[in-house]
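> Chains as they are written, first to last, in my numbering: chain E, 541 to 927; chain Y, 64 to 316; chain S, 2 to 538.
Watch out, some of these pointers could steer you wrong.
[Said to hold, decoys possible] Computed, partial: chain S to chain E, Cβ under 10 Å:
| id | residue |
| --- | --- |
| 1 | Gly347 |
| 2 | Ala355 |
| 3 | Ile469 |
[To be verified] Here are the computed lysine-lysine pairs in the DSS-like style, where the Cα-Cα straight-line distance is at most 27 Å:
| id | chain 1 | residue 1 | chain 2 | residue 2 |
| --- | --- | --- | --- | --- |
| 4 | S | Lys79 | S | Lys48 |
| 5 | S | Lys48 | S | Lys86 |
| 6 | S | Lys524 | Y | Lys89 |
| 7 | S | Lys86 | S | Lys107 |
| 8 | Y | Lys159 | E | Lys772 |
| 9 | S | Lys48 | S | Lys107 |
| 10 | S | Lys111 | S | Lys48 |
| 11 | Y | Lys237 | E | Lys772 |
| 12 | S | Lys43 | S | Lys79 |
[As the list claims (entries may be wrong)] Every beta carbon over 12 Å from chain E, so not counted as near; a handful from chain Y, in silico:
| id | residue |
| --- | --- |
| 13 | Asp131 |
| 14 | Ala193 |
| 15 | Thr204 |
| 16 | Asp281 |
Bear in mind the hints are in silico, worked out from the structure with no lab data behind them. Note that the coordinates shown come from a computational prediction; the quantities given were computed from them, not determined experimentally. All residues carry an ideal CB built from backbone N, CA and C; glycine is no exception.
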Amino acid sequence: MISAFLFRGLAGRIAWVAAFIALLGILVPLSNLMLPSDHALYVPDYIVSLFGKYLTYALLAMALDLVWGYCGILSLGHGAFFALGGYAMGMYLMRQIGSRGVYGDPILPDFMVFLNWKELPWYWYGFDQFWFAAIMVLAIPGLLAFVFGWFAFRSRVTGVYLSIITQAMTYALLLAFFRNDMGFGGNNGLTDFKDILGYTLQNPATRAGLFAAAAFALSLALVISSAIVRSKFGKVLLATRDAESRARFLGYRVEHVKLFVFTLSAMMAGIAGALYVPLVGIINPGEFAPANSIEVVIWAAVGGRGTLIGPIIGAITVNLGKSWFTAQFPEYWLFVLGGLFVAVTVFMPKGMLGTLSSFSDKVKSLKPAPKPSQTEAGEMRKEGEAS
Amino acid sequence: MIDSNTQVTSTLLYLDDVSVSFDGFKAINGLSLAIEPGEMRAIIGPNGAGKTTMMDIITGKTRPDTGDVLFEGQMDLTQHDETEIAQAGIGRKFQKPTVFESQTVRENLELALSGNRGVWASLFYRESEADAARIEEILQTVRLQQRANELASDLSHGQKQWLEIGMLLAQDPKLLLVDEPVAGMTDAETVETAKLLREISKTHSVIVVEHDMGFIRDLDVKVTVLAEGSVLAEGSLDHVSAHPDVIESYLGR
Amino acid sequence: MTVLRALLVCLVTLLASYSTIPAAMADDLKDAINALAEGSLKDREAKVDALLETGDDTVVPVLTYLAEGDLYFRKSDKQVFLADKTGRTFSLTDPISGDVIPDISKRDIKKVRVNNNLRRQIRDGLSLFALNSRDSAKRLAAAETIYKAQDASALPAIEARLAKEQDAQVIAFLQEARAGLTLTSDAPEEAKLSAIEILRDKGGRQALSILNEAAETSEGAVKDAASRAIVAIERMLAIWNGVQNIWYGLSLGSVLLLASIGLAITFGVMGVINMAHGEMVMLGAYTTFAVQQAVQTAAPGLIDYSLLFAIPAAFLVAGAIGFVLERGIIRFLYGRPLETLLATWGVSLILQQAVRTIFGPTNQEVSNPGWMSGAVELAGLSLTWNRIWIFFFALAMFGLLFALLKRTPMGLQMRAVTQNRNMASSLGVKTPWVDAFTFALGSGIAGIAGVALSQIGNVSPNLGQSYIIDSFMVVVFGGVGNLWGTLIGALTLGVANKFLEPFAGAVLGKILVLVFIILFIQKRPRGLFALKGRAVE
Numbered sequence: 541m542i543s544a545f546l547f548r549g550l551a552g553r554i555a556w557v558a559a560f561i562a563l564l565g566i567l568v569p570l571s572n573l574m575l576p577s578d579h580a581l582y583v584p585d586y587i588v589s590l591f592g593k594y595l596t597y598a599l600l601a602m603a604l605d606l607v608w609g610y611c612g613i614l615s616l617g618h619g620a621f622f623a624l625g626g627y628a629m630g631m632y633l634m635r636q637i638g639s640r641g642v643y644g645d646p647i648l649p650d651f652m653v654f655l656n657w658k659e660l661p662w663y664w665y666g667f668d669q670f671w672f673a674a675i676m677v678l679a680i681p682g683l684l685a686f687v688f689g690w691f692a693f694r695s696r697v698t699g700v701y702l703s704i705i706t707q708a709m710t711y712a713l714l715l716a717f718f719r720n721d722m723g724f725g726g727n728n729g730l731t732d733f734k735d736i737l738g739y740t741l742q743n744p745a746t747r748a749g750l751f752a753a754a755a756f757a758l759s760l761a762l763v764i765s766s767a768i769v770r771s772k773f774g775k776v777l778l779a780t781r782d783a784e785s786r787a788r789f790l791g792y793r794v795e796h797v798k799l800f801v802f803t804l805s806a807m808m809a810g811i812a813g814a815l816y817v818p819l820v821g822i823i824n825p826g827e828f829a830p831a832n833s834i835e836v837v838i839w840a841a842v843g844g845r846g847t848l849i850g851p852i853i854g855a856i857t858v859n860l861g862k863s864w865f866t867a868q869f870p871e872y873w874l875f876v877l878g879g880l881f882v883a884v885t886v887f888m889p890k891g892m893l894g895t896l897s898s899f900s901d902k903v904k905s906l907k908p909a910p911k912p913s914q915t916e917a918g919e920m921r922k923e924g925e926a927s
Numbered sequence: 064m065i066d067s068n069t070q071v072t073s074t075l076l077y078l079d080d081v082s083v084s085f086d087g088f089k090a091i092n093g094l095s096l097a098i099e100p101g102e103m104r105a106i107i108g109p110n111g112a113g114k115t116t117m118m119d120i121i122t123g124k125t126r127p128d129t130g131d132v133l134f135e136g137q138m139d140l141t142q143h144d145e146t147e148i149a150q151a152g153i154g155r156k157f158q159k160p161t162v163f164e165s166q167t168v169r170e171n172l173e174l175a176l177s178g179n180r181g182v183w184a185s186l187f188y189r190e191s192e193a194d195a196a197r198i199e200e201i202l203q204t205v206r207l208q209q210r211a212n213e214l215a216s217d218l219s220h221g222q223k224q225w226l227e228i229g230m231l232l233a234q235d236p237k238l239l240l241v242d243e244p245v246a247g248m249t250d251a252e253t254v255e256t257a258k259l260l261r262e263i264s265k266t267h268s269v270i271v272v273e274h275d276m277g278f279i280r281d282l283d284v285k286v287t288v289l290a291e292g293s294v295l296a297e298g299s300l301d302h303v304s305a306h307p308d309v310i311e312s313y314l315g316r
Numbered sequence: 002m003t004v005l006r007a008l009l010v011c012l013v014t015l016l017a018s019y020s021t022i023p024a025a026m027a028d029d030l031k032d033a034i035n036a037l038a039e040g041s042l043k044d045r046e047a048k049v050d051a052l053l054e055t056g057d058d059t060v061v062p063v064l065t066y067l068a069e070g071d072l073y074f075r076k077s078d079k080q081v082f083l084a085d086k087t088g089r090t091f092s093l094t095d096p097i098s099g100d101v102i103p104d105i106s107k108r109d110i111k112k113v114r115v116n117n118n119l120r121r122q123i124r125d126g127l128s129l130f131a132l133n134s135r136d137s138a139k140r141l142a143a144a145e146t147i148y149k150a151q152d153a154s155a156l157p158a159i160e161a162r163l164a165k166e167q168d169a170q171v172i173a174f175l176q177e178a179r180a181g182l183t184l185t186s187d188a189p190e191e192a193k194l195s196a197i198e199i200l201r202d203k204g205g206r207q208a209l210s211i212l213n214e215a216a217e218t219s220e221g222a223v224k225d226a227a228s229r230a231i232v233a234i235e236r237m238l239a240i241w242n243g244v245q246n247i248w249y250g251l252s253l254g255s256v257l258l259l260a261s262i263g264l265a266i267t268f269g270v271m272g273v274i275n276m277a278h279g280e281m282v283m284l285g286a287y288t289t290f291a292v293q294q295a296v297q298t299a300a301p302g303l304i305d306y307s308l309l310f311a312i313p314a315a316f317l318v319a320g321a322i323g324f325v326l327e328r329g330i331i332r333f334l335y336g337r338p339l340e341t342l343l344a345t346w347g348v349s350l351i352l353q354q355a356v357r358t359i360f361g362p363t364n365q366e367v368s369n370p371g372w373m374s375g376a377v378e379l380a381g382l383s384l385t386w387n388r389i390w391i392f393f394f395a396l397a398m399f400g401l402l403f404a405l406l407k408r409t410p411m412g413l414q415m416r417a418v419t420q421n422r423n424m425a426s427s428l429g430v431k432t433p434w435v436d437a438f439t440f441a442l443g444s445g446i447a448g449i450a451g452v453a454l455s456q457i458g459n460v461s462p463n464l465g466q467s468y469i470i471d472s473f474m475v476v477v478f479g480g481v482g483n484l485w486g487t488l489i490g491a492l493t494l495g496v497a498n499k500f501l502e503p504f505a506g507a508v509l510g511k512i513l514v515l516v517f518i519i520l521f522i523q524k525r526p527r528g529l530f531a532l533k534g535r536a537v538e
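Bound-form chain E, shown alone (with noise of 0.2 Å):
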């Protein structure tokens, strides 16, 4: 059943991109790794790190995109979800360097020393073992998402008010994780890692292996996500995001589809950070900031939201420029993404894909029977609007 579930998603276009993410992780650590350093093909070290942070961005666009995209929930809290699960990580290689910190305590990590804790808090145990960080990384973003959503949802609170209590919720996080006393290292958040698995993380093969695999984890999570959207239950969250009580009086339990999709939605998140901590090599409270999880939203936008492709070439993109201008004229950075912000909603509702099929969409229609896209996002409309 599950296989069967799986290959539907693997139809379209999205099959070809889930395949070409998939071959760029084999094939991009195999050039920095192989290939010597003059050869035309070779990927040097510092792409590798920032391209696959760029994959790490990619999977939490989209992640927010099967929300929001297709179930009309704006989340200005994914950087949360994010942020969470890159901190389970961030314990866990926390708990790795053992003895080889500044204070040389076996068990409790620099910070805990400086602080003159004596013990390790109970929710630090485990995090020796990657098997329960790894189950931590889904748990704690899912279990965040799961409460929160039940409540939400429950209660009908939707649309802009959703958005604004999402909000509130990674700001009031980002407040506690700034707390000494929470025990996650404060103002200066976790850092100075050693090692995954036992593998140096200077090392470049580390580095590339760590690209691999989050080049396999955009492209599973794409195809997951194309089987659901695709689905039945997916034609059930656009009925969700278009008619919200239409399809409760179809008999549909509308906030079971919105907490679904809202909890795996924040594991994804919760992965996409568990890859992105060990790659930059630090995690601190600024993640929360509510400024992250609104920008993320602006690279499902750019690329095309409802479209689970668009909003992974809009990271990327957005990402890119990001980089290139902060490097070459770092004043004028936030004057573009504030422009970019402006001019995609209003010039580009539909994203980068979105308004390159409806292009092509109006080449096709000059020929006779289109078939107009599925996935393509219509106008969100105000909620609540059947009476």
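Given the coordinates of chain E, work out where chains Y and S should sit on it, guided by the hints.
Using the frame of chain E, we list chains Y and S on its own:
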């Protein structure tokens, strides 16, 4: 007023002394109504008579302040939400046609098709031949076979109304609530719709709310007149239009 | 020791104002001061005593300078001066007239010698002297200092002064000071009991700590009385603490009200999600800064009133930008609230970066005018003037806006358009212009809020960011489209925040409030004062 128990249990839908007010304004005021299995009932009344609010109460969208609402004699509708009531077998068509515009006509019907509505069931749903046949049948009934693969947003207003009625049929409810099915329809479409509803009423109980008197006459069923949140008169169309109170509050307006 | 130093500092500062001294007395004093220049160290003790006995404030700096070795006399006429070394030369200050003679060479003057005996005599004398000042306010300050210091060595001076004192307030303070000292001494039980009574009536943290000490060290009746007094004082303190928290909460609430009141219009009335709202506040604050700079260069005399110019300026600047924002972007997005949210967030980034480019990324200093600085003491509470002004300013803004919406034709049109756009339009209301002006009004009010907020915090490009989430919380909590809800919401959240702080700390308190609002919205998605019925859906 129905007071014997046997009658209550044989009644499909039973409203007794239902009242609800919004910020002091009494939208429904001591409303009592009984629909028998297999019956088609037309409800008329001036704007603000409480027709839509009554539908909101039956479908669980609005909770009444006082009164009983029973479905099939045992299910207390005031204690359930929209989803549960829909699953129990009450379907509703909105005043403004509400279909899933970004999906095709066929997908709309597929979504409405009766069956397990759970998350897992819909994730792993595969269309059976019986389901496909049923959708074909409904497409035919609502005269939309030609447009099955077009987006619902591309339909005309009247076709959207029909699609919504088709969705109700796919849902296969015991009771259909149909709110102004012919609003904005051409005369020809109105006649067709009346035919369609009569067909449906052979196998389902139906409540139709409508303004269009010609349409009501075409339906040729028992009529309930609402005014200011309660029942003013009940009976055949000729009977109620002769009723002095009705003339004063509705026609004489 | 500490008492005396405190007293000295206190008195020296008080001396900034010279009292007018009758000419004859001034001459006597002058002679007495100049006498310091002559004679031996031994004679000088008598002369210092004579000076102390005058009870005149003028002698305080003279004796202070003498003790520090900074008292000089001019060789030519043996006149005594307070000397301050400025570079290589000295500037001399006439102790009587206060005239300053600059640039005096070291050769022309000579130091009045002093030894440790003399220093001790001066120190003890000044302590008494403070209590003997002719100015009752100064005596009061001295008595308060003594009370706070609780130094047993001051007891004789207190007793001496009590014998002569006429001023009731000073007597009360001295008695309290004495009571504190009595309680820690080995005085008889009766004296201690009456001391406890005095301290209980006095109340406050100081009395509490003295009584605690007494309760620990003593026994029997004294211990019991002290314990009872402690309970009484603690109850009073708890009440005052509550009052204080309420005030802090109301003060925070008024800040929230200011920040969110503009939002109550753009979001609450128009339904537009303006994420750049915080930046309108920020622009208002920067306008205040710019106006202050301009006034400083153009008319420094009016600097205290620059805020009055800043208010209309901030309204116009933020309002104009709001107008452009509505006409340029938001009007294309009506009916698409989520897109509006994103676009206005983009605008907020642009505005932040623009301000950063123009004014620099660092904080700008906006100074408080004279009438907004300082504090007023009210029965153990210290209320700062800027907070008081902001509180009433916020209420005034609210009242003004309320009147504008409910009582003016413009407000009527605004309400008409938001309730039924088509109907308003067909009745001849120019709906696009009403939209634009409503939005400009909301933005302009945010700008005015910026003027007020510049008085209590840093003015930086990130100013708006720190208010935006709170503002939305207030409006959503209070109930969208309901001005009263915004008022109640702001004040409630402010007070709740301040009451949570003592138990949970500032950050955790804020988190708790956020969590509370998140849960609250689940329970009542439409806020505190929600409209009911079909109309809202």
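> Are the Cα positions of Y:Lys159 and E:Lys772 separated by 27 Å at most?
holds (25 Å)
> Check the hint pairing Y:Lys237 with E:Lys772 against an upper bound of 27 Å on the C-alpha distance.
With Cα atoms ~24 Å apart, Y:Lys237 and E:Lys772 stay inside 27 Å; holds.
> Quick one, is the S:Ala355 hint okay against chain E at 10 Å, beta carbons?
Since chain E brings a Cβ to about 8 Å from S:Ala355, closer than 10 Å, the hint holds.
> For the pair supplied as a hint, S:Lys43 and S:Lys79, confirm whether the alpha-carbon distance does not exceed 27 Å.
Holds, at about 19 Å.
> Using 10 Å as the Cβ threshold, decide whether S:Ile469 counts as touching chain E.
holds (9 Å)
> Is S:Lys86 within 27 Å of S:Lys107, Cα to Cα?
holds (9 Å)
> Holds or violated: are the alpha carbons of S:Lys48 and S:Lys86 at most 27 Å from each other?
holds (26 Å)
> Test the statement that Y:Asp281 is away from the interface with chain E: the closest C-beta pair must be farther apart than 12 Å.
holds (26 Å)
> Just want to verify: Y:Ala193 was marked as not at the interface with chain E; is every Cβ pair farther apart than 12 Å?
Given a closest Cβ separation of 15 Å, the condition holds.
> Would the pair S:Lys79 and S:Lys48 pass a check requiring their Cα atoms to be no farther apart than 27 Å?
Distance of about 16 Å is within 27 Å: holds.
> May I ask you to check that Y:Thr204 keeps its beta-carbon over 12 Å from the closest beta-carbon of chain E?
Given that every Cβ of chain E is farther than 12 Å from that of Y:Thr204, nearest at about 18 Å, it holds.
> Taken at face value, is the distance from the CA of Y:Lys89 to the CA of S:Lys524 at most 27 Å?
holds (25 Å)
Violated hints are absent here; each numbered hint is respected by the structure.
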